[in-house]
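Position chain B relative to chain A; hints supplied.
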Amino acid sequence: NAGVTQTPKFQVLKTGQSMTLQCAQDMNHNSMYWYRQDPGMGLRLIYYSASEGTTDKGEVPNGYNVSRLNKREFSLRLESAAPSQTSVYFCASSATASAYGYTFGSGTRLTVV
Amino acid sequence: GENVEQHPSTLSVQEGDSAVIKCTYSDSASNYFPWYKQELGKRPQLIIDIRSNVGEKKDQRIAVTLNKTAKHFSLHITETQPEDSAVYFCAATPYSGGGADGLTFGKGTHLIIQP
Chain A
3 NAGVTQTPKF
13 QVLKTGQSMT
23 LQCAQDMNHN
33 SMYWYRQDPG
43 MGLRLIYYSA
53 SEGTTDKGEV
63 PNGYNVSRLN
73 KREFSLRLES
83 AAPSQTSVYF
93 CASSATASAY
103 GYTFGSGTRL
113 TVV
Chain B
8 GENVEQHPST
18 LSVQEGDSAV
28 IKCTYSDSAS
38 NYFPWYKQEL
48 GKRPQLIIDI
58 RSNVGEKKDQ
68 RIAVTLNKTA
78 KHFSLHITET
88 QPEDSAVYFC
98 AATPYSGGGA
108 DGLTFGKGTH
118 LIIQP
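Going down the list, the protein sequences come from chains A and B. Each residue of the first sequence is one higher than the one before, counting from 3 in my numbering. Each residue of the second sequence is one higher than the one before, counting from 8 in my numbering.
Bear in mind the hints are in silico, worked out from the structure with no lab data behind them. Quick caveat, the model's predicted, so the values are computed rather than measured. Check before you lean on any hint, since a few could be wrong.
To be verified - Below, simulated SDA-like cross-link-like pairs (lysine to any residue); rule was C-alpha separation at most 20 Å, straight line:
1) A:Lys11 / B:Gly48
2) A:Lys11 / A:Lys59
3) A:Lys59 / B:Glu9
Claimed, not checked - Here are a few chain B residues that face chain A, going by a calculated C-beta distance under 10 Å:
4) Val11
5) Tyr43
6) Pro51
7) Gln52
8) Asn74
9) Ala77
10) Ala98
11) Leu110
12) Lys114
13) Ile119
Each residue gets a CB set at the ideal place from its N, CA and C atoms; glycine is no exception.
This is chain B alone, in the form it adopts within the complex:
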């Protein structure tokens, strides 16, 4: 099955600086890569996703890049703000088009924005 590694486990940045979280995956058939944000005591919420036919996707201060050859993808947050403090999870799955294989998640990155 798929295995997703996520680094770092904790990331502390100054407010206004950029943050980068990296993930690698093992299954070359994986073609859908979402990122989730989870605030303390809350449910994970989808913030951005990318499919394998796209190399980069941007949504305001958030961007995701994908390198299928190297089997890694990254989340970039620019101009960080206090409300960006949360745990971020990457995930991957091969989209079979028929059954649901289930997302495989990384172990999470605790992002801390220092004032």
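Extracted from the complex, chain A is given alone in its bound form:
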């Protein structure tokens, strides 16, 4: 039972390049989330998916897109990376809505130069 798996763990991009961060969970959770973590800013919600087939914007969605491929997988895409997107990205999942604690992935450290 792996929980929430994120790939890659580290990535360096040049400004303007695109990439997709992958996230998969094996806990049969309905809801999945993408957060970014910056020093002194806590964790800020980028996008979330309440259930398979639905996605919604969070607090900081600009510059990102998401796809809920199936119940297990929720990907985050940067179409044209900018230095301001340098951050640590965490995927998380929860059983249903927000009534239960999240399980986080191990994170992706992204640097845009």
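Frame of chain A; chain B shown alone:
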């Protein structure tokens, strides 16, 4: 949307003493309040949570209290140990029962346990 304020940003205590971290929230509809611990370079992990129908919850050395009238909740760690050193995040959300609104996190408290 919800806004969560967390204080202090850094807290240094002597080993064996108690530590208290406080959070306030803005949305009176919020009814679920978890606390996460994040060690350096690791993922956040849930350590305790409380729902709005409960005023206090305890798990060994960790306790959380909730005051819905004042819209604040606190984390209490007693008999602190070196392994308690980490960044702690509070969070809040209104549980709609249907869609997932996403947790709103505080900015974190860096807890330092001095030997």
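Here is how each hint holds up against the structure:
no. : hint              : in the structure
1   : A:Lys11 / B:Gly48 : holds (11 Å)
2   : A:Lys11 / A:Lys59 : violated (24 Å)
3   : A:Lys59 / B:Glu9  : holds (14 Å)
4   : Val11             : holds (8 Å)
5   : Tyr43             : holds (8 Å)
6   : Pro51             : holds (5 Å)
7   : Gln52             : holds (7 Å)
8   : Asn74             : violated (20 Å)
9   : Ala77             : violated (22 Å)
10  : Ala98             : holds (8 Å)
11  : Leu110            : holds (6 Å)
12  : Lys114            : holds (4 Å)
13  : Ile119            : violated (16 Å)
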